[in-house]
Amino acid sequence: MKDAFGLSAIYWIVHRELKLTMRRKSDAITPLLFFVIVTSLFPLSVGTDVEMLRRIAPGVLWVTALLATMLSLPRLFEQDYADGTLEQLALSPAPLSAMVVGKVVAYWLMTGLPLALLAPLLALQFYLPTTSILILATTLLIGTPVLALIGSIGASLTLGLRGGGVLVALLVLPLYVPVLIFGTGAVDAAASGLGATANVSLLTAMLLVAGFFSPMATTAALRIALE
Amino acid sequence: MPWFAAAAFCLTVAGLYVGFFMAPTDAQQGDGYRIIFLHVPVSWMSMFIYVVMAFWAAVGLIFNSRLSAMMASALAPTGAMFAFLSLWTGALWGKPMWGTWWVWDARLTSELILLFLYMGFMALQSAIDDQRRADKAGAVLALVGVVNIPVIYFSVQWWNTLHQGASVSLTQAPSMATIMLIGMLLMALAAWMYTIAVALMRVRCIILEREYRTAWVNDLKEIRQ
Amino acid sequence: MNWTNPNEFFAMGGYATYVWGSVGVTVLVLYAECLFLLKRRKTALAHVKRDAALGAEDSK
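Taken in sequence, the protein lines are chains S, Y and V.
Take the first sequence: its position 50, counted from the start at 1, is 50 in the numbering used here, and no numbers get skipped.
Take the second sequence: its position 68, counted from the start at 1, is 68 in the numbering used here, and no numbers get skipped.
Take the third sequence: its position 32, counted from the start at 1, is 32 in the numbering used here, and no numbers get skipped.
Bear in mind the hints are in silico, worked out from the structure with no lab data behind them.
A portion of the hints provided could be inaccurate.
To be verified - Capping the alpha-carbon separation at 20 Å, the derived lysine to any residue pairs in SDA-like fashion look like this:
hint, chain 1, residue 1, chain 2, residue 2
1, V, Lys39, Y, Val203
2, V, Lys42, Y, Thr214
3, Y, Lys95, V, Thr17
4, V, Lys42, Y, Ile206
5, V, Lys49, Y, Ala58
6, V, Lys39, Y, Lys95
7, V, Lys49, Y, Pro2
8, V, Lys39, Y, Ile206
9, V, Lys39, Y, Tyr212
10, S, Lys25, S, Pro93
11, V, Lys42, Y, Val40
12, V, Lys49, Y, Lys95
13, V, Lys49, Y, Pro77
14, V, Lys49, Y, Arg204
15, Y, Lys95, V, Thr26
16, V, Lys42, Y, Lys95
17, Y, Lys95, V, Gly24
18, V, Lys39, Y, Leu200
19, V, Lys42, Y, Glu211
20, V, Lys49, Y, Ile182
21, V, Lys39, Y, Arg204
22, V, Lys42, Y, Val203
23, V, Lys39, Y, Pro2
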């Protein structure tokens, strides 16, 4: 098994995670329900003025998606940490960072991707025009992996700590700011005729940078937690 | 350490004297601009301390030295305090000059997020009971934060130009009189000295708290008295 | 010297609330930090002393 990059390990982990999630479906569904319910609360609380809803829609959907991602973050490593699987994985010959990448990918497939797919549907509640909906979905597709990558750092740092959930929020939310800005900015920019290309490419750049650095940070944090 | 404290005190007195007595009243902003002598030094310090903190954190992580990790955690509260003061004095300066306490400007927003980063660092360290893990986890977080600060700054700046909300330009700094600059630099130096004194003091506390069982601590003259 | 009398100095050309508000809070916060630090040092020293005394008793 000569696999320098641990690609087979990544594949194996993704496969395993998806299988596990399929057995505990509620874990994957809860963040989505949260997303649907919270976004539906907004028209009920701020009124149904079409113009206003249109204006706040990108922000509301993005912030709610961000919170939904964050709420499920503690689950990323908790289970494996509690039952000792994580320790075994760290000792296995496959690189730990490959395992981290696999876990984040699986996590994104289970939360980020459904959120991004669900968002266009919810955007209809906010009377968003079709072009804006498409841009919103695109930015969510690119942005949610970044959220998952950055979030994995927070999840690994707070592994096994009391009050971990709130702490994750405190650590991760400030780091989410740029993603949020460019994600919502894309829709606004397109609406004001500037075009969303710049925002989308900046988001993609962030994804690449986060994809490179955050597994390293997460791996380091996991090793610290396992010591 | 007492020397740094004394230097901080003297420099503060000198800086305040220059700032509040020698510097002339500003033509545009009247005497309200005198907040600058507090605002600019604390803002510089709040940013600089984070970088120094991240530096010590990195040293601690790479060379596995406990003292540098202790330095990092000794700096965090002071940095958070300066970030808060920077926001506070900024708000009090903004109100009479721009008519508002708060502007969603790149610098202000970044400073706010910097305060959150300090808070996160301290919260993480205090949540972990195991000292070594607390040090290392804090170090990783500090490094992640330091990478993010420029990204946050530029993203907020970009966002701000898009939103073009309050059209307040902070960058058109009127050419500063030399005497004002001197006052500001004196105050900045004072903030430096203060930070060094306080951080060293705090690091000694941390050492005392952690190493209270070692022989050399028990042989200190403060203990033997 | 800019100020002809103390009142003028404290009035800060009409910006008294803002200028003295910043100065006051800054001084307060710095003072509080020093106070906390001294207290922390005292507690730590007392702890070490107690521990050392206990250790000395044990070895007797």
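request  = Would you pick out the hints that fail for this structure and give their numbers low to high?
outcome  = 5, 6, 7, 10, 11, 12, 13, 16 and 20
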